[in-house]
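A.B. asks: With the hints as constraints, model all of the structure from the sequences given.
2 protein chains.
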Amino acid sequence: MSVDEEILEQLRRDRPLLPFLPLIYVAWADGELTAEEAAGIQAAIAAEGGLDAGCRERLGRWLDPDEPPSTRQLQAILRTVRQAGGRLPETARGSLAELGAGLAGLSGEPAVSAAERRALATLEQALGVAGGEVSRELLTEVRPAAVEAPTALDFEPARLTRLLDGDYAAVRQRVREVLSRPEFTYRLDLDREAYREQVLDWCRTLAGEGLGALAFPPEYGGAGDLGQFIAVFETLAFFDQSLLVKFGVQFGLFGGSVLQLGTRRHHRRYLAALGRLELPGCFAMSETGHGSNVADLATVARYDPATEEFEIHTPTPLDRKDWIGNAARHGRLATVFAQLEIAGERYGVHAFLVPIRDDDGRPLAGVEIEDCGPKEGLDGVDNGRLTFDRVRIPRDNLLDRFATVAADGTYDSPIASPTRRFFTMLGTLVGGRISVAAAALSAARSGLAIAIRYGERRRQFGPAGGAEVPLMDYRTHQRRLLPRLADSYAVGFAHRYLVERFLARSEEDAREVEGLAAGLKAYSSWQTVATLQSCRECCGGQGYLRVNRIAELMDDTDVYTTFEGDNTVLLQLVAKGLLTRYRHQFTDLRLGGAVRYLAARAAQALVEINPVFPRRTDDSHLRNPEFHLHALRYREERLLTTAAGRLKRRIDEGADSFAALNDCQDHLVALALAYVERVILERFQAALAGLEDDSLRPVLGRLYDLWALWRIEQDRGWFLENGYLEGNKAKAIRALVNAILPEVRRDALGLIEAFAIPDNCLAAPIAFAEAPDLPPAARTGDA
Amino acid sequence: MSVDEEILEQLRRDRPLLPFLPLIYVAWADGELTAEEAAGIQAAIAAEGGLDAGCRERLGRWLDPDEPPSTRQLQAILRTVRQAGGRLPETARGSLAELGAGLAGLSGEPAVSAAERRALATLEQALGVAGGEVSRELLTEVRPAAVEAPTALDFEPARLTRLLDGDYAAVRQRVREVLSRPEFTYRLDLDREAYREQVLDWCRTLAGEGLGALAFPPEYGGAGDLGQFIAVFETLAFFDQSLLVKFGVQFGLFGGSVLQLGTRRHHRRYLAALGRLELPGCFAMSETGHGSNVADLATVARYDPATEEFEIHTPTPLDRKDWIGNAARHGRLATVFAQLEIAGERYGVHAFLVPIRDDDGRPLAGVEIEDCGPKEGLDGVDNGRLTFDRVRIPRDNLLDRFATVAADGTYDSPIASPTRRFFTMLGTLVGGRISVAAAALSAARSGLAIAIRYGERRRQFGPAGGAEVPLMDYRTHQRRLLPRLADSYAVGFAHRYLVERFLARSEEDAREVEGLAAGLKAYSSWQTVATLQSCRECCGGQGYLRVNRIAELMDDTDVYTTFEGDNTVLLQLVAKGLLTRYRHQFTDLRLGGAVRYLAARAAQALVEINPVFPRRTDDSHLRNPEFHLHALRYREERLLTTAAGRLKRRIDEGADSFAALNDCQDHLVALALAYVERVILERFQAALAGLEDDSLRPVLGRLYDLWALWRIEQDRGWFLENGYLEGNKAKAIRALVNAILPEVRRDALGLIEAFAIPDNCLAAPIAFAEAPDLPPAARTGDA
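As given, the protein sequences belong to chains H and W, one line each in that order.
Residue numbers for the first sequence follow our numbering, beginning at 106 and rising by one.
Residue numbers for the second sequence follow our numbering, beginning at 106 and rising by one.
Pairs involving identical chains hold if they fit within one copy or between any two copies, as the list cannot separate such chains.
As a list, the in silico SDA-like pairs of lysine to any residue whose alpha-carbon atoms are at most 25 Å apart:
id: 1; residue 1: K836; residue 2: P730
id: 2; residue 1: K836; residue 2: N729
id: 3; residue 1: K836; residue 2: D757
id: 4; residue 1: K836; residue 2: T581
id: 5; residue 1: K836; residue 2: G806
id: 6; residue 1: K836; residue 2: A764
id: 7; residue 1: K836; residue 2: I756
id: 8; residue 1: K836; residue 2: R584
id: 9; residue 1: K836; residue 2: E758
id: 10; residue 1: K836; residue 2: D768
id: 11; residue 1: K836; residue 2: H735
id: 12; residue 1: K836; residue 2: P719
These are calculated hints, taken from the structure and not from any lab test.
All of these numbers come straight from a predicted model, not from anything done at the bench.
C.D. replies: This is the structure in C-alpha cells:
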C-alpha cells in the first residue's frame, strides 16, 4: 500500500471526520491559516456541543496552524472529495456543509446528525468562504466547455447600413465591390519599395474605375461631384491607409489644387491625365522648417519679367519641401507653395506648378529629391523632400484663379484683402481635413469591428467551476470598447453634416465650415488614437500581431493628429473663430475688440443653470436629450465667455495678443473641443429626430444615451467644478453608463455589421477566429 | 508710368490722407469690413470735427464697404507704408496713429495737427486692433531670425545622475560604456530576419561582458546579485527594446525559471551555458487560448512511471504555446508550463524543461515551431508558437524546487497549499513585471529627451513681426510634456523602492511586493503609452519618422501594457490584494469575509476630510506635501471601503463572487491605481526627505509639486464628486500647475540630461538638430 493509499484509508476509516473533509481542504488550500483565522475556527469547534469530544479533538488537530497537513494529505483529501463528490447530484453540492454531508452519506455510514449539520454550517461560516462556489470549484478538475449563445438583435444591420450610407449608397457600394476583388489583399511580406509599387498599382485600379476623377468636371473624365469623391474616400478608408493617402494626395490635394487654384488652361492641360493617374503629382506645401505656420513658408518664387518665368528656389536646407506624398518615387509635377516675389517685393504665399521628374522618372535639373525614409506607418506612401535650385517655370504655371501676374510683373487679384486671399487659397486644405476626419473614423470603425468580434469570441476566466466567459462580458471590456463604438456613430453623423455644409458652403459661412472641419478633424483623429489603443489592448497579444490589423491601423492613423494641421494648432484656430464669431478668424490682432465684446456679454449669462439640474438623478432626466444639450451648450458658452474674460485681463494688463493667447492656450483647446462635442451631440439628436426607419429607433437611442452620458462623465471634473453637476449626480451618471453598457453590448455585433466593411478589408484573422491561423470554427468553447 | 506708380503718386500727392494710410490698409487687409464695423468707423470719421470736410469725405470713401479698394490699391498703400515706415525710428511705430503721423512727417509736408492725431487715435480705437502689434507686423516683410538664449540651470545635471543611478551607479556606467560602442547603432535598413540576427549578436556581446549572468551564483559565472541584473536591464532599456526583451527572455525569464524553479542539478547543468548564451532558451507559459488565465493553461505533462518520463502534449491548436520569445529562431531549450497529470489526476501547473531544437537549430521530433510573424514592434525578437506532440522528457526535467514527482509517481511538495504553490511558482513573473515597469520608464525618458530637446530648438509662429518662438514656449506644449517628465522622475523613485522591497522580500510581504509590482507595471506602461503619444505629436511630422525613434519606441513598448500580465487584469489582482490585505489575494472565494470586514470598518472613516481642506486655495497649502498625501490617502481609503460595500451588497443580493467582482471592475481598477499613485507620491516625498545633496532640493521640489498637483488635477472629477475639493480649489490647482510649468521648463534640459542616455542610444537626429539630415548647428534661428 502506497503512502497515499494509507492516508486515504485512514481518512475513510475515520468516519466522524468524513463530513468535514471539504472544509478541511478549503481551510488549507488557499494558503496557510493565520493565527487569527485558526483561533476563530478552533473556537467554533470548541463551541460545538453537538460533536463528541474525540471528533472535536481530531478536527482541531486537522485545523491546527502549528501543524498544517502535508501536501500529500491535502492531495488525498481532495481526491476523496472529488471521487465521492462527483457521484453526488448537483443539488447536494450547494455548500461545503452539504457536500460534506453527502460524502458521509456515500460512505455507507449513518447519515450526519443534526448536530453535525449545525457544526458543519458554523465552520463554513467561520471559514468565510462562498461555500457553493468553493464546492463547485473543488469538484471541477477542468473547466467545462462554453456553450455559444447566439446573439438576438432587435434590428436589422442592413437597414442601419442604408442609414449610414445615405445619399451616396450607390458609389459606396461600388467601392466595396472593387475593394472586394482578390487583388485588394493586404501584403505583409513586401518591403518598402515593393509596397509603394503595390499601392501605386491599387491606385491605378481605382483611377481606372474612374473613382479618382469624380470631383472633376465631366469634360475631364469626372462627375463634377465632390460629394461622391468624399464618399469614395470614406469607403476606401476601410482598406489600406497608404492607398487612401496616396489616393488623397493625387486626386484630392494635387488634383484639388489644380482644380480649385488653377484656371481653365490648367484644367484643360492637366486634369484628365491627372484623373487617370497618367500624371502623378504632389502637393508641396510643408517645409522642414514650417509645417503648421504656412504663412511663414520660405520657398521663394521670384518673377523674372525678362523671360516671363518664375524662379523657384529653396533658400536654406530648412526650407526644402518635406513629407511630400508622391515625391520620393512617383510624382512628375508638383503644386509648390512659395512666397511670390516681384521686383524685390513680397506678395505672400502662392501656388505654382513645378515639374519635378521627366517621363522616365528622373529628377529634373535643379530639383533635388530625397526620400523621407521609414515612417511609423503609411510606408506605402513615398513621402519625400524637394529642394529647388533656381528652377525656372513659365509664367503660365502660376495657379492663377486668385492672383495673376502680368507679363510685366503687375500683380492683381480678385480678392483685395491679402489675408482673405491667403485663406481662400488654403481653402484647398479644408477638403483634406474633412477627408482626414473621415479616414480616422473609418479606421476606428475597423478597429472596433475587429476588437468586438474578437471580444465576443475570446473567453478568459470565469465563475468558479464554470465555463470561461467572453471578454465582452467584462465591465472593463465594455467600458473600453462600447462608448467608443457609440462615438464612431456620433462622429459619423457629425461628419455627414459637415460634408453637407461643406458642399453647400458660401462665402458667408466658409469660415464656420472650415472651423468645424478643423475641430472635427482634431476630435476624430484623437478619438481614433484612443479607440485603436483600446482595441489593441483589448485584443492582448493578438492585437500586437500585424496580421490582425489594429497595430497597422494605429501606426497609419497616428499621423492624422498632426497632418493637414496639427490638432492643437487647429483647435486654437477654432477657438479664435468662436471668439471672433468666425470673422477675421485667422488673425490675432483684432482679438482685443472681440474679447471685450464677449466679456461684456458674459455678464448676461446667456445659458442659465436650471437650479434643479445639478441634483436630479432620475433616469428619465439623465436620459433626457434636453439635459445633454443643455449641459454641452452651457459648457461651451461658459468656456467662451471665461476665455474672453481671461484674454481681456491679459491684454488689459499689457500683454500682446500672442502672449495673451499663449497664456490661455489650454482654455482655448477646451473651448474648441466643447464646441465640437456640442455640434456632434446636436447631429446625433438630429439623426434620431429625422429617422425614417422606426425599427432603428431603439438601438440608436441606446447608443445615443451611452454617448451623451459618457461624454458628460468624461468631463465631469469640469461640470462639477463649475457647479453644473453635484457629486451624487455625477455618480448617478456613471451608474447609468454602467447600466446602459450591457444593453449596447447586445447590439454591438449588429452595430459593427452595419458598417458593411468588406471581409477582405477587415481581414484580421481574429475577427473571424480566435487566433490568426485557426479556422473560423475553432472557438475556445468548442475546443 | 505704370498703374501702380500712378496709384502711389496719387496717394503721396494726397497729403491729408497720408497719416491715415496704415489705418486704411489694416481696415481692409484682414478681409472685407462688415456693415456694422464700417458704420462704426464712418460714425467716428463723421464725428471728427478736427478734420476738414474734404478729408473726411475722402477718408470715408476709402473706408466705404460698398467700394472696397482694389488689390493693387491696397498693395500700393502697403508699399508706401513699408518704404516710409522702414525709415522711422522704432519709437515712432508704437501704434498705427504714430506710424501714420510719422509717414506724414517723412513726406516733407507739415506735421500732423493735434486734431489729426485725435482723429487717428479715434479711428484706431474704432478698428478694434492692437495698434502696436499691427504696426510691427505691417513693417515686417520677413520675420527676424531668433536669438538663442542659453539656458541657465540652478543645478548640476551630473549630481542628479548620481542620485538617479544610486547604489548601482558602477554597473550602470559600465552598461552605458558598452552601449556607446559603435556596434550599438540602430539599423533601420535590416529586414526582419537580419534584425533578429543583429539582436542576437548584440545579446551575445552583452553576455560576453558577463552582464546576462549577474543574477546567477558566482560558480555559474554570475555575481549572485539580482539588483545588479535589474540595474543592467533598466540601463539597456535606453537602447533597442528588441534587444532588451531578448535579453530579458534569455536571462531573466528563461534563466530565472531555471534558477528559481529548478534545483542544484538544473543549475549545474544549465546556468553557465545559459549565461554565456550558448544555450538560448524560452519561457513558454502563454498559450493561444490562455494568456492572463495561467491556471487554466491546457498543455499537459503526463507522467509515465514505466519510463520515468513526462509526456508533454498540446491537446488542441488553441493550446499551443504562443508569443514565446526566442522560439521562432534561436531557442534550444524551453521552460514549458503545463498541467501535471499523474495516474489520471491533475496536480496543477508546473514547469518543465523541454528541448525544442537540436544543435544545428532544427526543431526536434514532435515539436512544431511556427513564427508569430510581423508585430507592431519588437521585430528583433523571434516570437514563435510551440506545439508539442507527445514529446517525452526525462523525469529530471521537472523544475522541482517546489514540487517533486518520485519515480513511482508520488507527488510531493514543500508547500502544502496548492494555491500558494501555484503563486510561488508564478513568482518568477514578478521580476519580469518589475523589469517591464522599468523598461517602460526608460523608454518614456528617451521619448521625453527627444521631444523636449526638439521642442527647445524647433520654432513655429511668434508675436507679430517678431522672431518665431520655440515650441517649448507654448503652454499646451509644456502641458503635454512637462508633467510627464515629472512623472518619469516620480515613477523612478517608486521603482527603486519596489526593487529594494523585492530584493529584501520575505514570505510575509511577498504578496504585497507582488501587488506593488503589478500595480507599478500597469501604471508605468500606461503612462509610457500616453507619454510617447504626446512626444510623437509634439514632434509633428518629425516624430512620425522612424529615424527619430519615438515611433519605434511607441511600437515597441505598446505591448508592455498587456504582456507579463494584462494591465486591467493585474489591477484587479492588486485591488483584491488590497481588499484582503494581501492574504489569499489570488482567490475570489474568500471575498465575502474580507468585504464584510472592510464594509464594517468603513463606518469608522479612518481618514477624515479636514473641513477647511476643500476650500483652501493659497499656494502654501496647495504646495504642502501633507495636503497631497492626505488627498491620495483619502481617495485610496474611500475607494477601498466603497468597493467593499459595493461588493458586499452584490454578494448579499445573491451574486456569486465572479459576478460581484465583474460588477465592480471599474471601481477596482480605480482603487488599484489610487493605491499605486499614493505609493508613488510617498516615494517622491521620501526621495526629497532623504536627499543628501541639497543643491538638488529646489529643482526636485518644483518637479514634485508639479507631479503631485497634476495627478490631483487629472482626477479632479473624483475629488470634486466626493466633496474633497470644491470648484474654486480645483481651479486654483489648475492655475498653480500652469504657474509651475514655466519653472520646470527652465529645468527641463537639465532634467533630461540627468538621465545620462548615451548619444547613440538617444540617436534621434531631431534631438541634436532640427531635421534628420541637417547638422546639429542648423537651427531655425540661425538659418
